[in-house]
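Novice: Here are the chains, one letter per residue:
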Amino acid sequence: MTDFLQTVIFGLALGGVIAVSAVGLTLSYGVTRFINFAYGDFLTLGAYGTVLLAGFGLALPVATVAAMASVGVLGVVIARLAYEPLMPRGLLPLLVTSVGVAFVLHNTVRIFAGANPIRFPMPLLRPWQVGDLFVPQEQVVTILVALAAMAVVHLILTGTLLGKTMRAVSDDPALARASGVPAGHVLAATWFLSAGIGALGGVLLAVTQITVEPDMGWRFLLVVFAAVLLGGIGSPYGAMLGGLVVGLGVELGASYVSADYSYAFAFLVLIAVLLLHPRGLFGRGG
Amino acid sequence: MGTFSTLATTVVVAAGALAAFTAPTAAQEPLKVGLLLPFSGQYAWVGGNVQPVAEMVAAEVAAAGGIGGRTIAFVQGDTEGVVDAGAAAAQKLINLDGVLALIGPTSLTFAGANTLILESGTPMVTPTAGTTALDRACQDVCFRTVPSDSLGGRAIARAATDAAFLGGAEPAATPVLMVGNAPALISFQDPVTGAFADYGTPLADTVVFTPGKPSYRSEVQTALAAEPDLIVLVANPEDSARIMTNAFQSGYAGRWFVTQDQTNAEYIALASAQLVEGIFGLEEIASEEGAERNRAFEAAVEAFSGEPPKIFATNTYDAMTITALAILRAHLRDGTIDRTTIANNIRAVANAHDGDIVVHDFSFGKGALEAGHEINYEGLVGPVDFNAWGNITAPFGIRQVRDGAWVTVATMGADALN
Numbered sequence: 000m001t002d003f004l005q006t007v008i009f010g011l012a013l014g015g016v017i018a019v020s021a022v023g024l025t026l027s028y029g030v031t032r033f034i035n036f037a038y039g040d041f042l043t044l045g046a047y048g049t050v051l052l053a054g055f056g057l058a059l060p061v062a063t064v065a066a067m068a069s070v071g072v073l074g075v076v077i078a079r080l081a082y083e084p085l086m087p088r089g090l091l092p093l094l095v096t097s098v099g100v101a102f103v104l105h106n107t108v109r110i111f112a113g114a115n116p117i118r119f120p121m122p123l124l125r126p127w128q129v130g131d132l133f134v135p136q137e138q139v140v141t142i143l144v145a146l147a148a149m150a151v152v153h154l155i156l157t158g159t160l161l162g163k164t165m166r167a168v169s170d171d172p173a174l175a176r177a178s179g180v181p182a183g184h185v186l187a188a189t190w191f192l193s194a195g196i197g198a199l200g201g202v203l204l205a206v207t208q209i210t211v212e213p214d215m216g217w218r219f220l221l222v223v224f225a226a227v228l229l230g231g232i233g234s235p236y237g238a239m240l241g242g243l244v245v246g247l248g249v250e251l252g253a254s255y256v257s258a259d260y261s262y263a264f265a266f267l268v269l270i271a272v273l274l275l276h277p278r279g280l281f282g283r284g285g
Numbered sequence: 000m001g002t003f004s005t006l007a008t009t010v011v012v013a014a015g016a017l018a019a020f021t022a023p024t025a026a027q028e029p030l031k032v033g034l035l036l037p038f039s040g041q042y043a044w045v046g047g048n049v050q051p052v053a054e055m056v057a058a059e060v061a062a063a064g065g066i067g068g069r070t071i072a073f074v075q076g077d078t079e080g081v082v083d084a085g086a087a088a089a090q091k092l093i094n095l096d097g098v099l100a101l102i103g104p105t106s107l108t109f110a111g112a113n114t115l116i117l118e119s120g121t122p123m124v125t126p127t128a129g130t131t132a133l134d135r136a137c138q139d140v141c142f143r144t145v146p147s148d149s150l151g152g153r154a155i156a157r158a159a160t161d162a163a164f165l166g167g168a169e170p171a172a173t174p175v176l177m178v179g180n181a182p183a184l185i186s187f188q189d190p191v192t193g194a195f196a197d198y199g200t201p202l203a204d205t206v207v208f209t210p211g212k213p214s215y216r217s218e219v220q221t222a223l224a225a226e227p228d229l230i231v232l233v234a235n236p237e238d239s240a241r242i243m244t245n246a247f248q249s250g251y252a253g254r255w256f257v258t259q260d261q262t263n264a265e266y267i268a269l270a271s272a273q274l275v276e277g278i279f280g281l282e283e284i285a286s287e288e289g290a291e292r293n294r295a296f297e298a299a300v301e302a303f304s305g306e307p308p309k310i311f312a313t314n315t316y317d318a319m320t321i322t323a324l325a326i327l328r329a330h331l332r333d334g335t336i337d338r339t340t341i342a343n344n345i346r347a348v349a350n351a352h353d354g355d356i357v358v359h360d361f362s363f364g365k366g367a368l369e370a371g372h373e374i375n376y377e378g379l380v381g382p383v384d385f386n387a388w389g390n391i392t393a394p395f396g397i398r399q400v401r402d403g404a405w406v407t408v409a410t411m412g413a414d415a416l417n
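Protein chains in written order, with numbering that gives the first Met the number 0: chain U, 0 to 285; chain B, 0 to 417.
Just so you know, the hints here were simulated from the structure itself, not pulled from any lab data.
Don't take each hint at face value.
Stated by the list, open to error - Label pairs and their calculated CB-CB ranges:
hint, chain 1, residue 1, chain 2, residue 2, range
1, U, 54, B, 226, 31 to 41 Å
2, U, 1, B, 294, 44 to 54 Å
3, U, 139, B, 81, 52 to 62 Å
4, B, 166, U, 150, 50 to 60 Å
5, B, 90, U, 166, 19 to 29 Å
6, U, 255, B, 226, 32 to 42 Å
7, U, 120, B, 117, 14 to 24 Å
8, B, 167, U, 103, 49 to 59 Å
9, B, 225, U, 98, 41 to 51 Å
10, U, 54, B, 81, 27 to 37 Å
11, U, 271, B, 167, 46 to 56 Å
Claimed, not checked - Chain B stretches covered by chain U per the calculated footprint, using a threshold of three residues with CB under 8 Å from any CB of chain U:
hint, stretch
12, 234 to 241
13, 267 to 277
All residues carry an ideal CB built from backbone N, CA and C; glycine is no exception.
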């Protein structure tokens with residue numbers, strides 16, 4: 000039982016990282032209807048930006064917020080330059096372009112930061128011991144930040160005009176525009192939020208995996224996609240739940256199936272859910 | 000022989016002068032050497048670590064007047080660290096670019112490139128591939144300046160089970176192996192497992208994990224369930240840092256034994272000195288004289304590339320210098336530089352024969368060869384004497400992190416591994 004609870008704690012922490020990252024991706028999909036393959040590199044940029052700013056002496060939380068804002072702005076700039084001009088041409092050109100943008104971004108990181116992994120500037124802390132359980136302090140921070148981030152996204156979506164317009168555009172873009180919703184403004188806000196949340200996901204990922212490297216976000220994207228699909232693409236709440244399920248699946252799979260097939264176990268859960276509920280846990284019908 | 004730092008300055012100036020004032024002619028076309036390594040993807044750091052050192056040797060060749068007036072030019076073949084891309088990169092280098100020799104490949108991509116290398120007879124000297132797949136892969140064209148994982152795995156087990164190799168520390172009683180499931184890593188599993196059993200202390204458990212995961216807490220939990228007093232960790236540096244951190248966060252206070260990839264200052268910086276204090280590592284070891292050359296080499300690399308040498312730097316220096324000397328000997332003795340003559344000359348310049356002059360760099364080797372002597376290159380990783388299958392049997396150093404730096408606590412000759 001102790002082992003199981005220990006694994007659940009590990010799974011929740013990893014799930015929190017995946018959930019935050021998945022929320023950012025699904026937000027942009029909800030409004031734009033295209034999957035941004037460059038999203039993983041927002042995670043990378045967030046992590047590297049935080050390392051850079053922390054190197055200038057900023058406290059880690061301050062560096063993280065500054066990196067989130069910077070990556071958010073970059074997300075808007077990239078969308079304005081690379082995505083929005085292509086939107087009238089359909090989804091395929093956008094999708095291919097986003098793959099290209101992803102390669103440009105992580106190779107740019109490689110040029111400036113080098114290909115070797117760098118340690119994320121987190122102090123090394125012994126875990127808290129609760130009975131027979133070890134609770135790593137970093138994981139508690141990760142889970143709390145993830146919960147806070149998801150609460151903020153919830154508040155934005157439900158309690159602000161921006162959130163309501165985003166939901167309106169997500170539900171029915173044509174109707175929203177006809178009702179006078181400023182589509183350009185909503186799009187820019189969505190890109191900013193999506194990229195900024197991605198940057199936070201990158202920082203949490205860096206805290207989890209200790210090191211940062213130029214491909215970290217690109218490689219993590221598959222797991223994030225799994226969470227997004229599991230939750231129901233376009234649904235922020237589904238992405239949150241999907242992230243937690245995938246995180247738990249990976250850790251339980253590593254403990255109880257085989258460490259070498261832990262990702263396979265997570266994807267088996269995804270396939271099973273999609274077979275039973277093709278639109279994901281929170282997917283909308285119609 | 001001057002120091003490497005002086006040499007590096009001379010090399011840079013001379014190479015610049017050569018480039019500026021020498022107009023290329025057909026006879027002076029550069030000698031193409033392929034770098035069959037990952038330059039993108041997760042293992043891009045391998046190519047990034049190897050290329051500057053290879054270029055430094057090429058600059059040394061140019062500064063020494065080249066080989067028959069010709070310089071060495073590198074062509075990149077990006078294997079991306081995956082087998083199929085490695086095969087495509089090898090195809091490009093060998094068939095399209097027509098390289099004379101290869102530096103590489105890594106263990107990750109040897110499987111994709113080996114058939115083409117063998118069929119084309121292109122000599123390869125790899126500074127990175129310890130894979131057991133290369134132990135008996137080919138006799139004529141495959142060489143490596145890094146010991147086989149068979150030997151490395153056995154050396155780890157020998158050291159971990161004998162206090163004499165652990166600086167007096169208790170030998171392992173319940174060792175556990177954690178090994179990544181990638182060609183460059185899993186190749187250690189059988190040698191380590193077999194050797195621990197041979198030395199009377201079978202592994203308590205083996206955990207095979209997927210490389211590149213963000214977290215290894217569950218894998219660590221599984222390993223710790225066997226209550227190890229020593230964990231042998233075979234992983235790439237970033238996964239090693241993650242696993243050791245995850246174990247620390249799970250309360251593990253036991254010992255670690257890592258492979259050559261982590262036994263360097265770079266890994267201490269990556270994982271943090273606090274985390275790695277007291278861990279053991281394996282490394283090919285040079286003599287005292289060799290250690291001095293290593294320090295000069297570090298200064299030379301820093302002067303040349305602006306960065307300190309990284310993982311595989313010494314192995315690369317040896318691989319590239321041997322390649323350059325073999326090309327030179329082919330030019331001087333055979334009158335022809337092609338893949339066959341280069342391959343045939345590699346053992347001639349690297350292995351010890353009666354009457355050979357021992358050399359440690361290209362310039363000195365060139366002087367000796369041009370004077371009609373035969374040479375025996377001894378490298379930064381120790382003697383580089385290739386056996387019938389192109390493997391080396393360098394002695395190992397057992398190292399331990401003490402006060403934030405690696406120190407050698409014991410040495411182990413090949414005879415200790417019987």
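Novice: Confirm or reject each hint.
Specialist: Structure-based check of each hint:
1. A C-beta distance of roughly 40 Å is found between residue 54(U) and residue 226(B), which places it inside the suggested range of 31 to 41 Å.
2. Roughly 50 Å separates the CB atoms of residue 1(U) and residue 294(B), a value that falls within the hinted 44 to 54 Å.
3. The hint said 52 to 62 Å for the Cβ distance between residue 139(U) and residue 81(B), and at roughly 37 Å that hint is violated.
4. Between residue 166(B) and residue 150(U) the Cβ separation comes to about 52 Å, which falls inside the hinted range of 50 to 60 Å.
5. A beta carbon spacing of about 52 Å between residue 90(B) and residue 166(U) contradicts the range 19 to 29 Å that was offered as a hint.
6. In this structure the supplied range 32 to 42 Å is violated for residue 255(U) paired with residue 226(B), their Cβ-Cβ distance being about 19 Å.
7. The beta-carbon spacing between residue 120(U) and residue 117(B), approximately 47 Å, falls outside the hinted interval of 14 to 24 Å.
8. Under the hint 49 to 59 Å, the C-beta atoms of residue 167(B) and residue 103(U), about 54 Å apart, fit the expected range.
9. Separation of residue 225(B) from residue 98(U) is about 43 Å and conforms to the stated range, judged on CB atoms against 41 to 51 Å.
10. Our hint of 27 to 37 Å for residue 54(U) and residue 81(B) holds, since their Cβ atoms are close to 33 Å apart.
11. A beta carbon spacing of about 54 Å between residue 271(U) and residue 167(B) agrees with the range 46 to 56 Å that was offered as a hint.
12. By the rule of at least three residues with a Cβ nearer than 8 Å to a Cβ of chain U, the coverage given for the stretch 234 to 241 of chain B holds, with 4 such residues.
13. By the rule of at least three residues with a Cβ nearer than 8 Å to a Cβ of chain U, the coverage given for the stretch 267 to 277 of chain B holds, with 6 such residues.
Against the hints set out earlier in the document, violations occur for numbers 3, 5, 6, 7.
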